[in-house]
Amino acid sequence: MQDVLDRITKNPKFHEFIAMRSRYSIIMAIVSAAIYYGFILLVAFDKELLAKKIGAGVTSLGVPMGVGVIVLTIVLTWIYVRRANTEFDATNEAIIKEAQK
Amino acid sequence: MSIKHILSAVAALAVAGGAFAAGADLGDTQKQATNWTAIVMFGLFVAFTLYITKVAAAKTKSAADFYTGGGGITGFQNGLAIAGDYMSAASFLGISGLVFANGFDGLIFSIGWLVGWPVITFLMAERLRNLGKFTFADVASYRFSQTPVRVFAASASLVIVAFYMIAQMVGAGQLIKVLFGLEYMYAEILVGIIMLMYVLFGGMTATTWVQIIKAVMLLGGATFMAVAVLLQFGFSPEALFAKAVEVHSKKDAIMGPGALIKDPISAISVGMALMFGTAGLPHILMRFFTVPNAKEARKSVAWATTWIGYFYILTFIIGFGAITNLIQNPGEFYIGGEIAKGLKGGGNMAAVHLSKAVGGDLFLGFISAVAFATILAVVAGLTLSGASAVSHDLYASVFNKGCSSEQELRVSKIATIALGVLAIVLGIAFEKENVAYMVMLAFTVACSSNFPVLFMSVLWKNCTTRGAVVGGFVGLVLAAVLTIGSASVWEAVLHNPKGSAWFPYNSAAIFSMSAAFFTIWLVSILDNSAQAKKERELYPAQQLRSETGLGASSAAAH
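Taken in sequence, the protein lines are chains A and B. The working numbering applies: residue 1 is where the first sequence begins, and numbers increase by one. The working numbering applies: residue 1 is where the second sequence begins, and numbers increase by one.
Only chain B is shown next, with the shape it has when bound in the complex (with noise of 0.2 Å):
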């Protein structure tokens, strides 16, 4: 096994690296004829999830309510949220297009989303459950000092929500284009208005129930357009596969992995911002105090990867179904009716067109209803976790403690309507740019910031808070600075002459996460001060906590 084999093995990591730039970017799309059944079934959505909030606002009177929905979710109900979370839109579309042009490489793709998930299960939930309360942050900071922890865990939150929320503003106002046939301003305008009603009003439990409809939807539909591609070929993978190969362009090259590797370096750098950065997001974290206990936190994890796994075996077989069913009608999907110049509304409409060619009209306009509702719940969750930095971090651990309930609430809700509005404004801001690198952003920046700081602060004794705050900020930083110099930035979006990126990898997570990591340890081993030796003095206690669960904060506030 030479050296060249093992870099080419670590080369094909970088398949999940494809799985981002094709998840996270929609492209520019074609404004297409108003399709009145998506927009009535969209409609049906907003009301009966508006009615839920109704209820739900009822119920959220304390800054507990609004941030963990009083910690009444069970463990399978949260396992449907978090998935929602994590199913975006651009992961149905983005994924089965993949499969709809190169087949099996599309399902290496998928794999490499799920692999975080074990990551969260087997080290994370359960400790998080433990020592949190609101935010991850309330687990970093346990035992070291408020302040610096919390200013720097706020920090991290912002940047990726930040990040995280453009690319789907963006990805919003290019699906209702396609989708429903209306202008790009409309839909940063109704998504920004819907997510704040729901978040302003209902708080985390109407943000969770949206949440588990959009999922329980979004499994419906994928498993309806599945069975219904199987039931054409008589339940026979076989058959399916036979005729996908007879039809496509590539033959059977697309029944074995193709050659979407690129560098070793970026290949194995992808791989661990997919490993890890799902265990730093923020959005994701918060999920794991709104159940009662560890128990529940563990369940809702199972649950979450079992609905997600699922979801991308349901993918797979709706590419394949896309390739048997699109390719030989080439008149009705594809461009003036010819192969060559691509599906109408671009690549990535390969499930949406399969929807209309297995149910009629009237499932593709469901399909599009829950594809655009897909982005409005995420965005919900994005703009909540935002809010809860700003008015738990920030107001009611540094600027204002010992604040009321009631002054955080208002706070939460003033962050959260500013969050909203920012989210409309950088919606249309970036209309026109390219937005491809900004989810591989935002999971590059919490596996260098976010992770690194809750792994050492919570199994590590020896970590103080000078190191945490250091190499979380250094983590921070390095990320957003290397992504900046790379090729995807620099000469994509920044407009630099082709050639002239200064950072050669297509992500920088491999430098930016070791790079904290190692800062958090050099800084703690080299911390003397008497804060450093209290806070390692404090650790038993924590791990007692974090590990028998006594002393946990019950969720139920009431």
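Just chain A, with the same shape it has in the complex (with noise of 0.2 Å):
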């Protein structure tokens, strides 16, 4: 067991391949805290802007938005564990096979 972690240390795919993937972890972190912020600045500044009729009707610019925001906070964390549990997920096993040969 040893020698096989020692070997996935010394291989530079690993290295590289836990880089990328920390990198796409911090970037989908900050898409997600920047879709909320974004709202909530919305809100600070521009209530005009949230409140504002979409059609004829009531509903304001608001209510999709908010919506909005939910949903694609739901959509951010499929597309990243999609994205971890195949592409990742088998990267990950290829680093481990190598080095168990």
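The set of hints was computed from the structure by calculation and includes no laboratory data. Just to be clear, a hint being listed does not mean it is correct.
[Said to hold, decoys possible] With a straight-line Cα cutoff of 25 Å, these simulated BS3-like cross-link-like pairs (lysine-lysine) come out: (1) B:Lys251 / A:Lys53; (2) A:Lys47 / B:Lys250; (3) A:Lys47 / B:Lys243; (4) A:Lys52 / B:Lys461; (5) B:Lys461 / A:Lys10; (6) B:Lys243 / A:Lys52; (7) A:Lys53 / B:Lys250.
Hints given; two lone chains; assemble the complex.
So, in structure tokens, the structure goes:
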């Protein structure tokens, strides 16, 4: 087991892989935070925009935007999880397999 | 863009704080007429969940079964269970009540509750699963000296569990008066005893299934209500909003953001507690060890985020449905039939009254039973995480290293009973107290102690035992002390004169969390001991396991 671990540690592909994956998670975290804070900034700066009617009726722009923030949060989570569970896990497997040879 | 603008922008974050205040506190309630339908429905829920506990009990033989249900929970099931832990009765009734009172602002509040989940998904879930076994302290102490880190983790977890628990127990007492028309005392004893049976006999398996069943019932009930409301308006949200604007006293103001902003510092602070506190709650973190691997752990958070987000969209519709249904029928839903006197049972009862309006007495009984069952399930999860902190982190890792699984299981059961009794006693002791600040305090402590220690130990190679423990305790103590000094405790709870609070903000998180991170960093870089050197050398091995999952504990112990 120990030599498998050593081989992984010495494999430059492993370091590339975890650096790439960390970068991806951090970007996703920043994007999701930006969506949330962007919405909150609108609440502070431009209440009129959020209260603006989108059509002839009473529905304001804030409603689809607020619901949009919730939906986007869910969608981003699934995008990350899908990629991590397929592509990332496959790369991870390949690196481990290579070290076990 | 002036400084003032930026400050007011940041201040908008305060809206999230309102969610906590509203969510945590159901307020003092008036006892209503005994609702037998609700009591019978709740009885059925209890009977069914106790049957599941009996089945689970047969499988709960080892400490691993007790803590993680043997690791056989799928990502989808675990996602529902996490959502169940997070969707408390207070968030269901509190947020729909807020929408009922203020319209759009309620939606902003609920969004605040969701923002912690991406942080957990992207940064924590997989690493937690790969490094941990039973508790998050397994992760935080992975390369550190066990005793100090475990003592810290157990202290922080128990503090968080205690405050969260008191809020739930007091909430249960208040709810039972309105929903079932029974005495406060009954709630304490009922919740205490039934919860003990789940945890004591069924361990994590039973606790998880109780959570799943409750989550399905809550999501099902809320979906039914939202659909019933939309049906009244031919599935046109526009028609629903138009009617709401017509009947609501605030008229068109309910369609845009209101002015619920306090000072900017409190605002950022509450935002931080929300975003990072979730990733430090022991009863949420322990759920990552019930799934077999990192893949399922990721799926769990994705499902949890999905259900929680969906639930908040439903509460928005439910709040508007309550506006259109209740205001036009003051005789039935308002005290003395007068809108000016407020809703029967208080402003948080909007969803409960709506359930009667759209589904009659039977559905009212169902929703009441679900609301109460929700508290029961959350208390069970809290108790289990508190008991694991005692038996796994303190007993098996500090006081009696190398004890057998049977001994550890025995201690965890004793701890469960002790916590159950404590919950009942605290629930009774705090009946007349103002507990509005307690959930917020639990989140503040979580984001200032557990979260920084977890984050730094996993992601920063130079972190040392000394840094983690000192920094964690600094955050813990500061979070508690500053909260005591804020108006919501100093004046509202300790009855000091108005204006005498010496901590001027609503939330301590911005100070206590920053102090924790800074202290961990400072103490760690100044730590040149041999132990620190050893710990830094262990980082690559920890990173290898946290990133690849090689050597990760297989949760299934058999």
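Hints, verified against the model:
1. For the given pair, Lys251 of chain B sits about 14 Å from Lys53 of chain A by alpha-carbon distance, which is consistent with the 25 Å threshold.
2. With a C-alpha separation of about 16 Å, the suggested pair Lys47 of chain A and Lys250 of chain B falls inside the 25 Å cut-off, and the hint holds.
3. About 22 Å separates the Cα atoms of Lys47 of chain A and Lys243 of chain B, which keeps this hinted pair within 25 Å; it holds.
4. With a CA separation close to 50 Å, the supplied pair Lys52 of chain A and Lys461 of chain B exceeds the 25 Å bound.
5. Restraint check for Lys461 of chain B and Lys10 of chain A: the C-alpha separation of about 18 Å stays at or below 25 Å, so the hint holds.
6. This hinted pair checks out: Lys243 of chain B and Lys52 of chain A have alpha carbons roughly 18 Å apart, not beyond 25 Å.
7. Distance check on the hinted pair: Lys53 of chain A and Lys250 of chain B sit about 17 Å apart at the alpha-carbon level, within 25 Å; holds.
When held up to the earlier numbered hints, the structure conflicts with hint 4 and nothing else.
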